[in-house]
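> Starting from the known structure of chain E, fit chain A onto it as the hints suggest.
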Amino acid sequence: MDAPARPILVALGSEARALRLIQAAFRMARERNAPWLAVHIATASGQGTEDEEQVQVWLQEAQRLGAETRIVRAPTLAQGLADLTRSTQAQALLLGRSRNRWPWARLGHSTADELQRRGLDASLEVLDDPPDAAWEEAPGTPFNATVGAFLVLAACTGLAWLVPREGNLSLVLPVYLLGVAFIAHRWGQGLGVLASALSVLLYNFLLETPRFSQAAGHWPNLLFFLAMLLAAQLVMGLLRRLRLQAREVQRRELHMASLYLLGRALARSRTPEEIAGAASEHIGRTFRAKAWLLFPEAEGWRALPTPVEDRDLPPPVELGPSLAVGEREGDPLEPLPQGGAFYLSLTGTDRSEGVLRILPSTDGGLPPRTWELLKAFAVQIALALERLRWLEEARRAQVDRETERLRNTLLGAIGHDLRTPLAAIHGAAGTLLLPGELQESTRRDLLAMIQDESERLAHLLGNLLDLTRLESGVLQAQKEWQPLEEVVGATLGRLDRRDGAVPIQVDLPADLPLVPLDAALMEQVLINLLTNAQRHAPGQAAELRAWSEPGRLCLEVADRGVGVPEAFRERIFDKFFRLPGAGEGGVGLGLAICRAIIQAHGGEIHAEARPGGGTTFRIDLPLPGEPPALPEGAP
Amino acid sequence: MTEHPGGPASSPRILIVEDEPALRRFLVPTLVGQGYQVLTAATATEGLALARSHNPDLVLLDLGLPDLDGMEVLRQLRAWSRRPIVILSARNQERDKVRALDQGADDYLAKPFGAAELLARLRVALRRTLQTEAGETVVASGGLRVDLGRRVVTLDERPIHLTALEYRLLEALVRRNGRVATHAQLLADVWGPGGAGNTHYLRIYMAMLRRKLEADPTRPRHFITEPNVGYRLDLDGPG
Numbered sequence: 002m003d004a005p006a007r008p009i010l011v012a013l014g015s016e017a018r019a020l021r022l023i024q025a026a027f028r029m030a031r032e033r034n035a036p037w038l039a040v041h042i043a044t045a046s047g048q049g050t051e052d053e054e055q056v057q058v059w060l061q062e063a064q065r066l067g068a069e070t071r072i073v074r075a076p077t078l079a080q081g082l083a084d085l086t087r088s089t090q091a092q093a094l095l096l097g098r099s100r101n102r103w104p105w106a107r108l109g110h111s112t113a114d115e116l117q118r119r120g121l122d123a124s125l126e127v128l129d130d131p132p133d134a135a136w137e138e139a140p141g142t143p144f145n146a147t148v149g150a151f152l153v154l155a156a157c158t159g160l161a162w163l164v165p166r167e168g169n170l171s172l173v174l175p176v177y178l179l180g181v182a183f184i185a186h187r188w189g190q191g192l193g194v195l196a197s198a199l200s201v202l203l204y205n206f207l208l209e210t211p212r213f214s215q216a217a218g219h220w221p222n223l224l225f226f227l228a229m230l231l232a233a234q235l236v237m238g239l240l241r242r243l244r245l246q247a248r249e250v251q252r253r254e255l256h257m258a259s260l261y262l263l264g265r266a267l268a269r270s271r272t273p274e275e276i277a278g279a280a281s282e283h284i285g286r287t288f289r290a291k292a293w294l295l296f297p298e299a300e301g302w303r304a305l306p307t308p309v310e311d312r313d314l315p316p317p318v319e320l321g322p323s324l325a326v327g328e329r330e331g332d333p334l335e336p337l338p339q340g341g342a343f344y345l346s347l348t349g350t351d352r353s354e355g356v357l358r359i360l361p362s363t364d365g366g367l368p369p370r371t372w373e374l375l376k377a378f379a380v381q382i383a384l385a386l387e388r389l390r391w392l393e394e395a396r397r398a399q400v401d402r403e404t405e406r407l408r409n410t411l412l413g414a415i416g417h418d419l420r421t422p423l424a425a426i427h428g429a430a431g432t433l434l435l436p437g438e439l440q441e442s443t444r445r446d447l448l449a450m451i452q453d454e455s456e457r458l459a460h461l462l463g464n465l466l467d468l469t470r471l472e473s474g475v476l477q478a479q480k481e482w483q484p485l486e487e488v489v490g491a492t493l494g495r496l497d498r499r500d501g502a503v504p505i506q507v508d509l510p511a512d513l514p515l516v517p518l519d520a521a522l523m524e525q526v527l528i529n530l531l532t533n534a535q536r537h538a539p540g541q542a543a544e545l546r547a548w549s550e551p552g553r554l555c556l557e558v559a560d561r562g563v564g565v566p567e568a569f570r571e572r573i574f575d576k577f578f579r580l581p582g583a584g585e586g587g588v589g590l591g592l593a594i595c596r597a598i599i600q601a602h603g604g605e606i607h608a609e610a611r612p613g614g615g616t617t618f619r620i621d622l623p624l625p626g627e628p629p630a631l632p633e634g635a636p
Numbered sequence: 037m038t039e040h041p042g043g044p045a046s047s048p049r050i051l052i053v054e055d056e057p058a059l060r061r062f063l064v065p066t067l068v069g070q071g072y073q074v075l076t077a078a079t080a081t082e083g084l085a086l087a088r089s090h091n092p093d094l095v096l097l098d099l100g101l102p103d104l105d106g107m108e109v110l111r112q113l114r115a116w117s118r119r120p121i122v123i124l125s126a127r128n129q130e131r132d133k134v135r136a137l138d139q140g141a142d143d144y145l146a147k148p149f150g151a152a153e154l155l156a157r158l159r160v161a162l163r164r165t166l167q168t169e170a171g172e173t174v175v176a177s178g179g180l181r182v183d184l185g186r187r188v189v190t191l192d193e194r195p196i197h198l199t200a201l202e203y204r205l206l207e208a209l210v211r212r213n214g215r216v217a218t219h220a221q222l223l224a225d226v227w228g229p230g231g232a233g234n235t236h237y238l239r240i241y242m243a244m245l246r247r248k249l250e251a252d253p254t255r256p257r258h259f260i261t262e263p264n265v266g267y268r269l270d271l272d273g274p275g
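One line per chain: the protein sequences are E and A, in this order.
Residues 2 to 636 (the numbering used here) are what the first sequence spells out, left to right.
Residues 37 to 275 (the numbering used here) are what the second sequence spells out, left to right.
Note that these hints are calculated values from the structure, not bench results.
You can take every hint at face value.
Not everything, but these chain A residues come out facing chain E in the computed CB check (under 8 Å):
#, residue
1, GLU130
2, PRO148
3, ARG239
4, MET242
5, ALA243
6, PRO253
7, ARG255
8, PRO256
9, THR261
10, PRO263
Straight-line C-alpha distance at most 25 Å; calculated SDA-like pairs for lysine to any residue:
#, chain 1, residue 1, chain 2, residue 2
11, A, LYS147, E, HIS427
12, A, LYS147, E, LEU447
13, E, LYS291, E, VAL58
14, E, LYS480, A, VAL265
15, E, LYS576, E, LEU461
16, E, LYS480, A, ASP132
17, E, LYS480, E, LEU466
18, A, LYS147, E, MET450
19, A, LYS248, A, ALA200
Note that the Cβ used here is the ideal one computed from N, Cα and C, for glycine as well.
Extracted from the complex, chain A is given alone in its bound form:
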């Protein structure tokens, strides 16, 4: 293991579990440069030990590790920690991504990814721990404003009427606070346990939300599709 103190002791501590030295070489200075404290582990065993001893604020976990399946590491971490976990996955591993997300990972980054994307995801994931889940009741981005306390949605100051299901879907996305939500998670949130398998319902309601809340539904700014994985509500993005 290696410790890379970045900022003051109060700054968030990030554990990187990644076996590729090249990737660690890129990740460490990037994160340290942003003021994070960084710990690195090259194997799952080492990563799990570090997670227990140092209790990091966030874990960046590679799914392809030499000694243990990343999915197993995720399961063991989730057994005792509710801290955010962001998965690093190779391209075209949609199924693994979805499984990891459904098993409690907060988000994922598909390799290759850029520094900007990485930092944005980390900020979103850390925000979850910094705020209580239901803490913020008003979110706004661009012209879109969602007030969960008063159940009011406005676009460019105009109130938008949503059906009950549309509102529940929007609420489920807002509560995830920019993190990706898998199809299965959204179906369970909106339709309850009976919704499983009806992914096309979800897609239709998402299309309806976009038509009501996006300036151009074919170029969504807020309701971002993660193909074959799920959706994320992007309230930091441009516009």
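Only chain E is shown next, with the shape it has when bound in the complex:
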């Protein structure tokens, strides 16, 4: 094996075999752990005959599999490949070789042979086509073919003329046999039969009379020619079969390649729009036709990837049943022509996923021989749609499970935390209603407790509601540019109104920039963080400070509590998570809400150990772009 860093080179044309070359090169590159390079050599002689678009498709495919790709101009294929092999110091060169239609061309120097001769320092891997894949129907026009056939027969006659004439047919016959077989192979059966008959006449008129005049009436001669005719027929039949097979092989390879490409594009699609885009693109390239996916709606269709005028589409009630499996004669997958377009049912494993609409660009419509491939396309598209639907269903099921789990946790937590204040309120109210006089101080105590506990209940319910609404997306941050000072002011105002408020030290620079915030939500965050701080460090001042950095605004709420062990610093933001050993109060929702709100603002919140003891909650809020212009006269 060569040095691993030397690349593997693969030469691609526009033919379908390029896919096999790409896969072989990919495998080789992986086995040898080497980079690989896919090239297309554009030669002057190849111009116009190569399908540029198809070449791009193959190069993209190679790129997707990790290849570097390149298009190189060169006088000949061999020249271009040799130069590139040298300049990239490739360790191996892969190229395809088709069996040439002309036998003598096969004897001449093919690109591979020429490369061999140039003595490259690279191993040469030649991938042959599957047997006979390159046999193609001759494209000659009838006129050219007739002329050609005449020329061949003339050549045969000329050759026969040279044969020593002893009235012996054994040498003349093979010459004509060869000629007729060639004509049949090259220009088709019709001309072959004609050529057989013509050769009999030629033989009789040109060769036999006057030179083999006695032979004219001879039975053996006639029999020989009849035999020749038969042999020519046989050869022609054989050739035709071979040719058909070859074409079939090639067609299959093309089908495989296009199906493979479609399947890959579909596998990457994550939305119906993407599936429709991929389907439209690949059908367009393979069938030269426009394609849409139609999904039935309340009235009419939803067409993807581009909208279609409703009047161009048959109503669903008409199309639906006629495409439905079992209601049509014959193959339910057969395209249904209607109004210039073809419709195929996209039937998945259990139900119809939609309808494929195809509008051929040619007037002739879709030739029936392409139906098989089209049906395969339709099945792939249907399966892709079905996969998407199942994924969506699975996701929904997952969400349901998650909701269910959350609901259970919620019920557990609420069961306890709601019942405690309720029990206290209920008990206190009962005591107050008892007949008999209560001491004034007791009465006030009970009433104060009712108030405290109901406030706790309200807070808990508010948190629960907010979290649910934030997570379900019902509650969205209505961000407006505003000074942080205002939100802090509103928060402190609300906290000061509560009993047992603890001093909070605030440090806000006067030149803080405006920041896009939802004031009500951010107030909730600050209240949660500050009440947390007061709960965990009772009697000690909590600190709130803020400053701006390029692109963001930072906010810290710090306390002097016992601190949060490092292992829990992320988990404290989980729903219903409470620090082990944490006292009464709180259900473990406050910080979860803080995180949900900050995330709705596109920011981050973290807990950090505070130097000197305690915890710091740090919030980073994005400052996207420039704040709006300030009014005149503003500082």
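Coordinates of chain A only, in the frame set by chain E:
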């Protein structure tokens, strides 16, 4: 409907339109205890009928009623009555609150609220009818004194210089007499019809007013923020 005579016939008459019996049970004795005459209605239809027949001095209107949208009740009341209307809203209905205020409600109370808060809001709202809108030209609270007639603002006896826009904002808040003003209302009052949408202007001027007129701008005593709704000038509060 139910009538709960509280004080003398001259005392203010309050109509409560609220479908929750528990809330009515709390509201009625609280208000009656303060000497108000109280009427209650459990549905919007009943409330509208009572409002027409008894012409109350103030309506406490719940936004979530069983038969009609509270917003619609508000619209119908405002079609003929200029008496104060105070909205009772559930938590987190900022948008509804703002809409109600912009459609002519005088103030709002977010549930749950305490008796002290309720009574304070009612006093402020009733004050509007007891005084003519431009009647009182001098307001004072704590060290802050605003004389609208002479256009003089003093803080602890020191005259404070305000820019023209700052003064207009202060004036708009003073004229609302303790009632909440939505962002849209203040923008229209100060900047005129062109001011709509420039809420951040308002916030900046509010910050400047606070810096000039509040002892601690991060703990405002007078210029109270109602998050996502607007502002109120509190001249009854402590300090």
